[in-house]
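J.: Chain by chain, the residues:
There are 2 protein chains.
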Amino acid sequence: MKAVGISGDAGRGLPRASAVVISVGTELVRGEILDTNAAYLSRELAEIGIETVGHVTVGDDSEALAEAVLRAASACEVVIVTGGIGPTPDDITRDAVARAAGVELQRDGAALAHIEGMFASRDRRMSPSNAVQADFPRGASIIANPRGTAAGFRVKVARAEAIVLPGVPVEMKMMWDATVRDYLAAMGAGAAITRTVNCFGSGESDISEAIGDLMQPGQNPLVGDTAEEGIIKIRIRATARTRTQALELIDRTKSQVKARLGDTVFGEDSQTLESVVVGALLERGLSVTVAESCTGGLLAKRITDISGSSGCFTQGIVAYHNDAKVTLLGVAPEILAEHGAVSDQVARAMAEGARVGAGSDFALSTTGIAGPTGGTSLKPVGLVYIALASADGTVSKRLQLRGKRAEVRDRASKHALNLLRLHIMR
Amino acid sequence: MKAVGISGDAGRGLPRASAVVISVGTELVRGEILDTNAAYLSRELAEIGIETVGHVTVGDDSEALAEAVLRAASACEVVIVTGGIGPTPDDITRDAVARAAGVELQRDGAALAHIEGMFASRDRRMSPSNAVQADFPRGASIIANPRGTAAGFRVKVARAEAIVLPGVPVEMKMMWDATVRDYLAAMGAGAAITRTVNCFGSGESDISEAIGDLMQPGQNPLVGDTAEEGIIKIRIRATARTRTQALELIDRTKSQVKARLGDTVFGEDSQTLESVVVGALLERGLSVTVAESCTGGLLAKRITDISGSSGCFTQGIVAYHNDAKVTLLGVAPEILAEHGAVSDQVARAMAEGARVGAGSDFALSTTGIAGPTGGTSLKPVGLVYIALASADGTVSKRLQLRGKRAEVRDRASKHALNLLRLHIMR
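From first to last, the protein sequence lines stand for chains A and B. First residue of the first sequence? That's 9 in the numbering used here, and the numbers climb one at a time after it. First residue of the second sequence? That's 9 in the numbering used here, and the numbers climb one at a time after it.
Please keep in mind that the hints were generated in silico from the structure rather than gathered at the bench. Yeah, the Cβ is synthetic: ideal placement off N, Cα and C, and Gly gets one too. There's no promise every hint is true.
Claimed, not checked - Derived coverage of chain A by chain B (criterion: at least 3 residues anywhere in the stretch with Cβ under 8 Å from a Cβ of chain B; other residues may be distant): (1) 64-70; (2) 143-151; (3) 252-263; (4) 337-343.
Claimed, not checked - 30 Å max Cα-Cα, derived DSBU-like pairs, lysine-lysine: (5) K405/B with K412/A; (6) K387/A with K412/A; (7) K412/A with K387/B.
Unchecked claim - Only part of the chain A face toward chain B is listed, based on derived beta-carbon distances under 8 Å: (8) G39; (9) S50; (10) A54; (11) E55; (12) V61; (13) A186; (14) G198; (15) T202; (16) G226; (17) G238; (18) A308; (19) K309; (20) T312; (21) F321; (22) T381; (23) T384.
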């Protein structure tokens, strides 16, 4: 018997219920699949005032899981287990949790009828093995699964509530939303809420200079930052007795953060550069087109990722080769010959040609060397020119980006969107 | 003191060293950041014959971490800890691992000089707090960090090797590659290797019908499948005394899988539809262009994701509005009026127009309703037509895709690439 353990840091701040999230699956332990359920559930638990003190992942091993559940249950008020409730012999969670609870498994007639119904509605016959999905620990309350045959359940293990949900994220989330959140919310003391302010165009050091005093540890709200794919997210986390109080605390700090960081801030929470830019264009009744070389469609893709973008975007040109820049965008061959495709002059000519062609208010262009090949000492990998053409004339920017091909393309497309954002927001 | 625990399933197959991977960070436990290190390290450990039996995540709590390390060390031969070795007071891993090992922390002169040197090379003065990064448990061997100031170390805890690495993935991976893998490989018994065969265009049930007998549990190689964003990956995992033997086992099963699944198989391991299509075009000296409506640049983006794609892709058109389909692709206004933009006829006309415009061997087109709005009862969200124009004529396909906007666009672009792949591979 092998065993490992963890301890909690739940002692800070308000007295609160604590939780451990356990993920079950040999594929998870082997790293063949990335576990996203534990992080999702931890965020959701925090919002109802329950602090997660640890995540544990175990393989399809009933004894190991039973031990993990028991240990967690002897220490926390809530134990959430995801995965291992399918119909195959590898699905050991029902058995393990029953063992941890010290009770037998018992077949539930209504659950069995539900499973048979699901098969019937799909014109398939239920195989005998599926019947095990109607087995639950004696005394458990069943948590219905509207999307699949794997029902969840909750049962007392020692002094804790053990909640068992499927590993399939979409089913787990649906059941969390429909039943589990409200049930557990009654156990939470206070609320811990995190909101983010999203920035682009400044480095982490500039940001910590501007708001470093707000980022000192031990404060409420607690302010921290993370950098992801060129976007810096300022996380503001508040704890309070109620959700409303926590949101008030957040709002106050958010205003300070935004005032100090100025136009580096482009949005909040799930907002992206493209959602903000498309929103601003639609609001103003303005339109944009794109002329892409090194980003090769990514800039148009980002814009059209946003539902409703057809209201501000009618067409885009991917002009990967020089010939295409001439024929599709009207870039003069002499400019290409004199300055090369990766040049300020060509970026400007691409944007201007695209704007005329599309008859749009704005046009964005990109031309650069995404790598890994194609760089020279004068024009190294990561050199990108972007331009914005509008009725006010054309502005451009030279970028020297770091990273691999995908990063260079990603950052170039973000800088282009940001150039337009700053222009619109002026 | 709160604690949870897990047990291993290392008993199967060859007798092998086992490991627990511990990730440290309150942001991880709260779900604010997704842990990818544990999965990465588990895969790497498997390749050198060490079986991971559990993952544990703890917050920035020295006592909790010390307990987790001790518990893991009393049960496994290898304990890998990532994170918590920065310069701030929240970085508790050095302290916790020293406690678990039952030794004091000791400052290392050479490590201190390295950190001072890193600051000097960046023209910055080292702050006194950074000196703690030169503290290691007495008796530890230091693992150099060429990219940052956070050096790792290894030290005996009970009967186990405890290996401490930074939480920053790029630094952790670099140190794993440079030092840790070879050191631990000596402890592994045998090798467990996983390879994948990648499929597109069949459902999971078709695949399990074709190779279900190979997917029975308990076999070596073990065959399983996962579906990710429309791609079904057949995982083949073999264990053997040596890496070479494991690879031989995999090759035999891989041949069977490929023979049975036929042209549903498009590649292996990290190969994508776009990498396979671009590779096939370059090999044959052929070229492609795109005319995109509902995918809005995503198809061009996918093709130009591949380095070297400029050898087969010169230009692409994003024709989002009907006007653009007429002016940029030469689609006859009557066809649009008669059949609507989302129709087989328009998809064909778009591809044919794009092919003539670009002078390419092939042209792919997409037109559809990505949603969430814009659907009707006759043309619901998810209805997409794709077409492929070539010297042999034009072929097209009607798709009824499920899922949200991003999924519809993703699948549409993949079906278009697959249409070209099947045509080239004939």
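J.: State for each hint whether it applies.
T.: Verification of the supplied hints:
Check on the stretch 64-70 of chain A: 6 of its residues sit with their Cβ under 8 Å from a Cβ of chain B, so the three-residue criterion for coverage holds. Counting residues of the stretch 143-151 of chain A whose CB falls under 8 Å from any CB of chain B gives 0; the rule of at least 3 is not met. Judged by the Cβ-Cβ criterion of 8 Å, the stretch 252-263 of chain A is not covered by chain B as claimed, because only 0 of its residues qualify and three are needed. With a cut-off of 8 Å between beta carbons, the stretch 337-343 of chain A has 0 residues touching chain B; three or more are needed, and the interface restraint is violated.
With a CA separation close to 35 Å, the supplied pair K405/B and K412/A exceeds the 30 Å bound. With a CA separation close to 16 Å, the supplied pair K387/A and K412/A stays within the 30 Å bound. Between the alpha carbons of K412/A and K387/B the distance comes to roughly 41 Å, so the proposed pair goes past 30 Å and is violated. The beta carbon of G39/A comes within 3 Å of a beta carbon in chain B, closer than 8 Å, and the hint placing it at the interface holds.
Among the interface hints, the one on S50/A holds; its C-beta lies about 3 Å from the nearest C-beta in chain B, closer than the 8 Å criterion. Hint on A54/A holds. Least Cβ distance to chain B is approximately 6 Å, under the 8 Å limit. Of the supplied interface hints, the one on E55/A is violated, with its beta-carbon coming no nearer than about 10 Å to a beta-carbon of chain B, more than 8 Å. Given the 8 Å rule on beta carbons, the hint for V61/A holds: about 6 Å separates it from the nearest Cβ of chain B.
At its closest, the beta carbon of A186/A sits 19 Å from a beta carbon of chain B; the interface hint therefore is violated under the 8 Å criterion. The interface hint given for G198/A is violated, since its Cβ lies 15 Å from the closest Cβ of chain B, which is over the 8 Å cut-off. At a threshold of 8 Å, the smallest CB-CB gap from T202/A to chain B is about 7 Å, leaving the interface hint in force. Taking 8 Å as the C-beta cut-off, the interface hint given for G226/A is violated, the closest approach to chain B being about 10 Å.
With a cut of 8 Å, the hint placing G238/A at the interface with chain B is violated, because the nearest CB-to-CB distance is about 15 Å. Proximity of A308/A to chain B holds as hinted, the smallest CB-CB distance being about 3 Å (cut-off 8 Å). Interface restraint check: K309/A against chain B, minimum CB-CB distance 4 Å, threshold 8 Å, status holds. A distance limit of 8 Å between C-beta atoms decides the matter here; for T312/A the minimum to chain B is near 3 Å, and the interface restraint holds.
Nearest Cβ of chain B to the Cβ of F321/A: about 6 Å, under the 8 Å cut. The hint holds. Hint status for T381/A: holds, given a least beta-carbon distance of 6 Å to chain B, under 8 Å. Nearest Cβ of chain B to the Cβ of T384/A: about 16 Å, over the 8 Å cut. The hint is violated.
Violated hints, listed in ascending order, are 2, 3, 4, 5, 7, 11, 13, 14, 16, 17 and 23; each of the other numbered hints is respected by the structure.
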